[in-house]
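Chains U, R and Z, in that order, give the protein sequences. The opening position of the first sequence corresponds to residue 0 in numbering that gives the first Met the number 0, with each subsequent residue numbered one higher. The opening position of the second sequence corresponds to residue 0 in numbering that gives the first Met the number 0, with each subsequent residue numbered one higher. The opening position of the third sequence corresponds to residue 0 in numbering that gives the first Met the number 0, with each subsequent residue numbered one higher.
No wet-lab data here; the hints were simulated from the structure. We put the CB at the ideal spot given by N, CA and C, even for glycine. It is possible that part of the hints are untrue.
[Claimed, not checked] One-sided and incomplete, this derived list gives chain U residues near chain R with beta-carbon spacing under 7 Å: (1) ILE11; (2) LEU41; (3) GLU43; (4) ALA48; (5) ILE50; (6) PHE52; (7) PHE78; (8) VAL195; (9) ASP209.
[Stated by the list, open to error] No farther apart than 27 Å at their CA atoms in a straight line, the calculated lysine-lysine pairs in the DSS-like style are these: (10) LYS262(U) to LYS227(U); (11) LYS76(U) to LYS572(R); (12) LYS495(R) to LYS227(U); (13) LYS457(R) to LYS33(R); (14) LYS2(U) to LYS106(U); (15) LYS69(R) to LYS2(U); (16) LYS69(R) to LYS169(R); (17) LYS2(U) to LYS76(U); (18) LYS572(R) to LYS70(U); (19) LYS76(U) to LYS106(U); (20) LYS70(U) to LYS169(R).
[What the hints assert, rightly or not] Not everything, but these chain U residues come out facing chain R in the computed CB check (under 7 Å): (21) TRP24; (22) PRO26; (23) THR44; (24) VAL86; (25) ALA89; (26) PHE102; (27) PHE112; (28) GLN113; (29) SER114; (30) PRO115; (31) VAL215; (32) ARG244; (33) TYR246; (34) MET250; (35) SER251.
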Amino acid sequence: MGKLFAVVVAIITFVATAIFVMHVWWPPVDISTHGPAIDHQLRETMVSAGILFVVSQLALALFAWQYGDRKDGRPIKVFPGGATPMVVLAIVLVGAEILALTFVGSKVWAGIFQSPPDPNSLVIDVQAEQFAFYFRYPGPDSSFAPTHPELINEASENYFGLDPAHEVDARDDIVVPSLAIPVGRPILLRMHAKDVNHSFYVPELRIQQDFVPGLVIPLHFTATRTGKYEIVCTQLCGLGHYNMRAYVEVMSPEQFDQWLKEKTAQQ
Amino acid sequence: MDHAATPAAAHHHAPPQGFLRQHVFSLDHKVIGKQYLDLALVAVCVGMVLSWLMRLHLAWPNLPIPGLEKLSPNGAANGVITPEYYLSLMTMHATIMVFFVLTSAPFAGFGNYFLPIQVGAEDMAFPRFNMMSFWTTCVAFLVLVSSFFVSDGPALSGWTAYAPLSAVGKDAGPGQGMGQTLWALSIAIFCVGQLFGSLNFIATTLDLRTKGMSLARMPMSTWAWFITSVIGLIAFAVLLPACILLLLDQRAGTSFFIPAGLVISDRLQPHSGGSPLLWQHLFWFFGHPEVYIAILPGFGIVSTILPVFARKPLLGPRALIGCMTAIAFLSYTVWGHHMFLSGMNPFSALLFSVPTLIITIPATIATLLWIGTIYGAKLRFTTPALFCLGFISVFVSGGLSGFFLAQPSIDTYLHATYFVVAHFHFVMAVAAMFGIFAGTYFWFPKMFGRMMNETLGKWHFWLTFIGVYCIFMPMHYLGLAGNVRRYSAFTDDYLKPLIPLHRFITIAALFTGAAQLIFLYNLIRSRFRGPTAPANPWEATTLEWSTTSPPPFDNFGGHPPVVSHGPNEYGVKGATGDYVMQAAPAPARLH
Amino acid sequence: MTTVASPPNVPPSVAPPRPVATRGPEPKPAETGVWVAIATISMSFAALTSAMVVRASAAPDWQHFRLPPILYLNTLVLLASSFTLAAARRRITAVSVRDGLPGLYVTLGLGLLFVTGQILAWRQLAAQGLFLATSPSSAFFYVFTALHGLHVLGGLAGLLYVLRRIRRVVPAPMTALGAATLYWHFMDVLWLYLLLILIIRV
């Protein structure tokens, strides 16, 4: 029975590790400037966790194989050094790993969330609601008009609660259901929620951030490749949560300018 | 507070009379322990069925499930689960499993039964509070389950019930009216029950140990129950007011968690000034220690059972106690790691990440101590032993994925994906469950005076062990691919290619679920037809094995044991058998 | 099943955790229980306090208001009840309880008076137009006073229970009395703390 246990554990370990190593399922290609650092961190952690995984499972398997009671009257053996090597090993090895990962990881994290946005960023207002994302560009006057929750009207597509009748700068704000951005340009999103918690997640951009009702949360990144990618909601927001998505289209700067011109003309 | 321990008077239980007193409103900790285990058994069956419904829907969203329309005409018209009903099933699945299975069985169930016996006491310190705590928990369960039968269905905001979704009432979605109210009420009641329970555990451990049972001689399981009850004391004390505030927001028009200007279902909500993050902080301040409440009894149970079947002492018992204490203490410093991306100050993410990573150290030490215990052992591969070995394997698997999630930079990608689902299922649904299984197979003879069937037990183990790896290991891969969790269907372009893997998981889940029927059958059959169990079938040392199977009403027949040995005396040379029981007479002094 | 004859005056269903001392003086589970309860209850109110601090800074809608003056009278009543309880306890010994009984009754009465006074405070607040949902400050006021009041009622129930047993059981259950007294004094301390934070914040 002990040998069976050892074999099963070994097979599980081998198969699981192989699938990880072969990247059968793996994050998609990264398209952001901060993404490589995250991917590097992920790979490092995968390697150390993988080694720990394989070593401990195989040790378990080996001991289960070897130390069955063979009724041969042999005495038990205490692990050499007793508990002390375990304690020391754990503290030293895991401690060192933790220090390394924290040191590097905190820099990566700070780079994304604790650094100020580029002053040349393209600022886009993002509103999450049950169950869609809407994006607002400031228009030629480069200012976002104030929003009024009591004016929000889904039927007339006034998602942000703008007041173009009384406020001049509301007339040129561009409201669209998908996010268009130029490649290579820093983007600053101002995220707010209309109703409940939501979240903004683009796997390829390696970016995720919750929307919190009552707060305006900044999020900045720079895309490095053109293409069309999905934005999905990752914070449970109600029955339409699974279907709540938008697209981010990363365009060349020329295409983006063209897009912006078309949208401005439509206002 | 219902008894004065005046030493002079002769205190003896008279055994209870009458059916109600003996089996329903019993003050006997053994009956109450079994009642908790029965409640957990009912709860786990309900919770598991819910998980099958969820997995079926994820794999085949348009599959009609016959009979479901009777339970919920709105949620499953023609038997096809709607998106909102899926979320309700998910909320109830998690709530039932976390509270009524993982907190009830290993802690309230086995703890109630065996803590007094393992310290040599006749009963818990406050038997009436003990009985009240069980019935309170029972009422909480009934209140929760009743939400299935209200017209709008159960809450759909997850077991985490984030505000404002959970706080604004029925505008936010079906189930968010009465369903959410019943949820919050049930959990508040549950907290009260648990607090009474923790009170008992602590007072009993500190004050009712028998002669010779110093704290150092207590078995690991007792230590684990004691430490767990201390954690619970503080954790549930925070969840209770949080639920009260949530109920007030929901029903009394207050705005603790709801800010101004929310437009839900085209209605401007009449609340203002509240903070959704406040709920998250309160909830997770409870929620993280809660998961250690779920796993630490498993630590204790495995650390008690493993030496019995290894026939050698546990390696480093004092270190293990230190580990459990460190984990308990650290568990209060890490709650923000559930909130890295929640909108809280990004600097706090690092503050929470450090203790989260540090917690891996005592967890690693514990794992190494178990593996080191097996080294040089003389393993007897009984069913409880197999579940202990399995526990080690799955705890390693589950613990390591935590390593990724503890780092905020990596969590930026993995948060709210199936990677998280894999992590917590491995450590809770699998490892903690394996601890419960090990405890069941180990203590069944003591509780019922009959042996369980070993062959059925082994089949149960193998099918479950392989099955859980087939279910939960692939979820890591899904998470790495960015598969978001809490989705009732996978309609996104990048998720559609992952559906075949989901189908594999669903099939594995159904098979593994079916394998649990073996366990159920074994439990029931052995109860009535199992071979009679001797007092100490496993040749174990702790005090429960010094008394009959099952123990008499007052545990030791009026003769409280005197303890002269620690719990770890296995593989002792020259002893009868190879072990010395805790209650064996003290070794003769050398002259 | 072992059957043992119960000694007189001990209801058979009372559980007898019988500590055989392993060290030091006789351990008293009832007192341990109360200390544990004190820890838990303190934690609950600590959580509510931090909730209040966060809420107060989350939005500018915190409405300061004047606490109903009857609150201070209630405080005196509660403090007095602790004195009467302590005095009663000193008069009760294992063999003679009669001298302490009046003090216990007075304590119970004062406790009830306190709770009544709190309800009156609520009515006064409502008369000013301050209800649960009016503003976060009033919400916290009601929540704090209601939860404290509930725990006081629990303490009263405990005192009543001890009173009943003291009159029926010989020797008197001194530990239960001690435990109930400790809990009652804690209700005082808790109230003083709550009053303080209400004065400061509200």
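Hint check results:
A hinted interface residue such as ILE11(U) counts as satisfied when its beta carbon comes closer than 7 Å to some beta carbon of chain R; here the least separation is about 5 Å, so the hint holds. Hint status for LEU41(U): holds, given a least beta-carbon distance of 5 Å to chain R, under 7 Å. Taken as an interface hint, GLU43(U) does not check out: its beta carbon lies about 10 Å from the nearest beta carbon of chain R, beyond 7 Å. About 5 Å separates the beta-carbon of ALA48(U) from the nearest beta-carbon of chain R, less than 7 Å, and the hint is met.
The closest approach between the C-beta of ILE50(U) and any C-beta of chain R is roughly 10 Å, which is over the 7 Å cut-off, so the hint fails. For PHE52(U), the shortest C-beta to C-beta distance to chain R is roughly 5 Å, which falls under 7 Å, so the interface hint holds. A cut of 7 Å between beta carbons decides the hint on PHE78(U): the least distance to chain R is about 4 Å, and the hint holds. Hint status for VAL195(U): holds, given a least beta-carbon distance of 4 Å to chain R, under 7 Å.
About 5 Å separates the beta-carbon of ASP209(U) from the nearest beta-carbon of chain R, less than 7 Å, and the hint is met. Restraint check for LYS262(U) and LYS227(U): the C-alpha separation of about 18 Å stays at or below 27 Å, so the hint holds. Annotation: proposed proximity of LYS76(U) to LYS572(R) holds, straight-line Cα distance about 12 Å (limit 27 Å). With a C-alpha separation of about 17 Å, the suggested pair LYS495(R) and LYS227(U) falls inside the 27 Å cut-off, and the hint holds.
Between LYS457(R) and LYS33(R) the alpha-carbon distance is near 24 Å, which keeps this suggested pair within the 27 Å criterion. Annotation: proposed proximity of LYS2(U) to LYS106(U) is violated, straight-line Cα distance about 46 Å (limit 27 Å). Restraint check: the Cα-Cα separation between LYS69(R) and LYS2(U) comes to about 49 Å, which exceeds 27 Å; the hinted pair is violated. A C-alpha spacing of about 23 Å is found between LYS69(R) and LYS169(R), which places the hinted pair at or below 27 Å, so the restraint holds.
Our distance criterion of 27 Å between C-alpha atoms is met by LYS2(U) and LYS76(U), whose separation comes to about 19 Å. Distance check on the hinted pair: LYS572(R) and LYS70(U) sit about 15 Å apart at the alpha-carbon level, within 27 Å; holds. Our distance criterion of 27 Å between C-alpha atoms is broken by LYS76(U) and LYS106(U), whose separation comes to about 46 Å. Proximity of LYS70(U) to LYS169(R) is assessed by CA-CA distance (about 67 Å); at most 27 Å being required, the pair is judged violated.
About 4 Å separates the beta-carbon of TRP24(U) from the nearest beta-carbon of chain R, less than 7 Å, and the hint is met. Taking 7 Å as the C-beta cut-off, the interface hint given for PRO26(U) holds, the closest approach to chain R being about 6 Å. Checking THR44(U) against chain R: minimum C-beta separation of about 5 Å stays under 7 Å; hint holds. Satisfaction of the interface hint for VAL86(U) is found here, the shortest Cβ-Cβ separation to chain R being roughly 5 Å, below the 7 Å cut-off.
Look at ALA89(U): its Cβ gets to within about 4 Å of chain R, closer than 7 Å, so that hint holds up. The criterion of a C-beta within 7 Å of any C-beta in chain R is not met by PHE102(U), whose closest approach is roughly 11 Å, and the hint is violated. Checking PHE112(U) against chain R: minimum C-beta separation of about 4 Å stays under 7 Å; hint holds. Because the closest C-beta pair between GLN113(U) and chain R is about 5 Å apart, less than 7 Å, the hint holds.
Proximity of SER114(U) to chain R is violated relative to the hint, the smallest CB-CB distance being about 10 Å (cut-off 7 Å). With a cut of 7 Å, the hint placing PRO115(U) at the interface with chain R is violated, because the nearest CB-to-CB distance is about 12 Å. With its C-beta approaching chain R no nearer than about 10 Å, VAL215(U) sits outside the 7 Å limit, and its interface hint is violated. Contact between ARG244(U) and chain R, as hinted, is supported at the beta carbon level, the nearest pair being about 6 Å apart and thus within 7 Å.
For TYR246(U), the suggested interface contact is broken, since its CB lies about 9 Å from the closest CB of chain R, more than 7 Å. Given the 7 Å rule on beta carbons, the hint for MET250(U) is violated: about 19 Å separates it from the nearest Cβ of chain R. Evaluation of the SER251(U) hint against chain R yields a violated restraint, the C-beta minimum of about 22 Å exceeding 7 Å.
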